[in-house]
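Novice: Chains as they are written, first to last, in the working numbering: chain V, 67 to 173; chain A, 67 to 173.
Hints are supplied without guarantee of correctness; some may be wrong.
When chains are identical, the list treats them as one kind, so a pair holds in a single copy or across two.
[To be verified] Below, computed lysine-lysine pairings styled on DSS-like, alpha-carbon distance capped at 25 Å:
no. : residue 1 : residue 2
1   : K160      : K116
2   : K153      : K142
3   : K88       : K153
4   : K81       : K160
5   : K88       : K154
6   : K116      : K154
7   : K153      : K132
8   : K132      : K93
9   : K88       : K102
10  : K136      : K161
11  : K161      : K132
12  : K136      : K160
13  : K102      : K81
14  : K128      : K161
15  : K128      : K153
16  : K160      : K102
17  : K154      : K102
18  : K81       : K142
19  : K161      : K81
20  : K136      : K153
21  : K154      : K142
22  : K142      : K161
23  : K150      : K128
24  : K102      : K161
Because the hints were derived from the structure by calculation, they are not lab data.
There are 2 protein chains.
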Amino acid sequence: MTDATDLFFNVFRNKNRFRILKLLSNKELCASELQKELMIEQTNLSHDLKCLINCQFITVRKNGRKRIYKISPETKELVEEVSKHIKKYELYLKKCNIIKEEENEEI
Amino acid sequence: MTDATDLFFNVFRNKNRFRILKLLSNKELCASELQKELMIEQTNLSHDLKCLINCQFITVRKNGRKRIYKISPETKELVEEVSKHIKKYELYLKKCNIIKEEENEEI
DNA sequence: TTTATATATGAAAAAAATTTCATATAATAA
DNA sequence: TTATTATATGAAATTTTTTTCATATATAAA
Numbered sequence: 067m068t069d070a071t072d073l074f075f076n077v078f079r080n081k082n083r084f085r086i087l088k089l090l091s092n093k094e095l096c097a098s099e100l101q102k103e104l105m106i107e108q109t110n111l112s113h114d115l116k117c118l119i120n121c122q123f124i125t126v127r128k129n130g131r132k133r134i135y136k137i138s139p140e141t142k143e144l145v146e147e148v149s150k151h152i153k154k155y156e157l158y159l160k161k162c163n164i165i166k167e168e169e170n171e172e173i
Numbered sequence: 067m068t069d070a071t072d073l074f075f076n077v078f079r080n081k082n083r084f085r086i087l088k089l090l091s092n093k094e095l096c097a098s099e100l101q102k103e104l105m106i107e108q109t110n111l112s113h114d115l116k117c118l119i120n121c122q123f124i125t126v127r128k129n130g131r132k133r134i135y136k137i138s139p140e141t142k143e144l145v146e147e148v149s150k151h152i153k154k155y156e157l158y159l160k161k162c163n164i165i166k167e168e169e170n171e172e173i
């Protein structure tokens, strides 16, 4: 069951994890900086960071009592490609939502 | 909460839905043909197809008692790009799995 | 028309993922 | 040392997704 496709989506499917990866694409950040940006619970963020580390999508290094997170070059490239596509098909994707909303109105 | 990123992942995150899109990238297929290829439950497939139709990632047309599914050109391009990336980083993604397995062994 | 084939649907059950909570650890400052 | 800051962890609770089940519908063949 765990082929490359699964592994890819296991990590990327999560909105917060994807947002973390996008932030780390710009520069290295520590957990508290990520927390401030993403407005998510500390403990929650910590779980997501662990997930990303397990998958080697990001790496950590200690600096005082902070931990600095860094995205891997391969993952950075991947995030940029996916972001590009989401942006490119934004209108198209938003249309999907309109259809869903119309469906809900019918009920 | 429903921005383009969410919408994108809502559809693409599912393994079966992604496999459907990959099959439809090659040629139009009816549900029973998809079922044979994917080896998934009829009712299950039907639910996934509905999801993809709702999002306009695929379209349907009737032909006798069969329904022929067709991927949209934009989605086809998107699937190809993501597939290309998954293939490119296959080894890298598989490493993630090894790490997870090692973690499990420690327990 | 009855039967068979192809597909859809909705609700319940099951599984998986995410969030919350309570607490732990590690490093530095006081 | 003790307190504080920064982050991690595991388990329980919650939420979301997927699967299953029972049944419906639509078309064509017999």
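Novice: It remains to establish, for every hint, whether it holds in the given structure.
Specialist: So, going through the hints one by one against the coordinates:
For the homomeric pair K160 and K116, the shortest alpha-carbon distance between copies (17 Å) is at most 25 Å, but the shortest distance inside one copy (31 Å) is not. In this homomeric assembly, K153 and K142 come within 25 Å of each other (Cα to Cα) both inside a single copy, at 16 Å, and across copies, at 16 Å. For the homomeric pair K88 and K153, the shortest alpha-carbon distances inside one copy (13 Å) and between copies (21 Å) are both at most 25 Å. In this homomeric assembly, K81 and K160 come within 25 Å of each other (Cα to Cα) both inside a single copy, at 16 Å, and across copies, at 22 Å.
Taking the shortest Cα distances, K88 and K154 sit within 25 Å of each other both inside one copy (16 Å) and across copies (20 Å). Taking CA atoms no more than 25 Å apart as the test, K116 paired with K154 passes between copies only; the shortest distance there is 24 Å, against 31 Å inside one copy. Proximity of K153 to K132 under the C-alpha cut-off of 25 Å is found in neither arrangement, the shortest distances being 33 Å within a copy and 35 Å between copies. With identical chains, the CA atoms of K132 and K93 are at most 25 Å apart within one copy only, with a shortest distance of 15 Å there and 52 Å across copies.
Within a single copy, K88 and K102 get their C-alpha atoms as close as 15 Å, which meets the 25 Å cut-off; across copies the closest is 39 Å, which misses it. For the homomeric pair K136 and K161, the shortest alpha-carbon distance between copies (18 Å) is at most 25 Å, but the shortest distance inside one copy (35 Å) is not. Within a single copy, K161 and K132 get their C-alpha atoms no closer than 42 Å, and across copies no closer than 27 Å, so neither meets the 25 Å cut-off. Proximity of K136 to K160 under the C-alpha cut-off of 25 Å is restricted to the inter-copy arrangement: shortest distance 20 Å between copies versus 31 Å within a copy.
Taking identical chains as interchangeable, the C-alpha atoms of K102 and K81 lie at most 25 Å apart only when both belong to the same chain, with a minimum of 16 Å there against 33 Å between chains. Proximity of K128 to K161 under the C-alpha cut-off of 25 Å is restricted to the inter-copy arrangement: shortest distance 23 Å between copies versus 44 Å within a copy. Taking the shortest alpha-carbon separations for K128 and K153, neither the intra-copy value of 34 Å nor the inter-copy value of 33 Å comes in at or below 25 Å. Proximity of K160 to K102 under the C-alpha cut-off of 25 Å is found in neither arrangement, the shortest distances being 28 Å within a copy and 32 Å between copies.
Neither within a single protomer nor between protomers do K154 and K102 lie at most 25 Å apart by alpha-carbon distance, with minima of 28 Å and 33 Å respectively. Proximity of K81 and K142 under a CA criterion of 25 Å is satisfied in both settings, with 16 Å inside one chain copy and 23 Å between copies. Taking the closest pair of Cα atoms, K161 and K81 come within 25 Å of each other both inside a single copy (20 Å) and across two copies (23 Å). Both within a single protomer and between protomers do K136 and K153 lie at most 25 Å apart by alpha-carbon distance, with minima of 24 Å and 23 Å respectively.
In this homomeric assembly, K154 and K142 come within 25 Å of each other (Cα to Cα) both inside a single copy, at 18 Å, and across copies, at 14 Å. In this homomeric assembly, K142 and K161 come within 25 Å of each other (Cα to Cα) only across copies, at 17 Å, whereas the closest approach inside a single copy is 28 Å. For a Cα distance limit of 25 Å, the shortest separation of K150 from K128 qualifies neither inside one copy, at 32 Å, nor across copies, at 35 Å. Taking identical chains as interchangeable, the C-alpha atoms of K102 and K161 are never at most 25 Å apart, the minima being 31 Å within one chain and 31 Å between chains.
Violated hints for the displayed structure, listed by number in ascending order: 7, 11, 15, 16, 17, 23 and 24.
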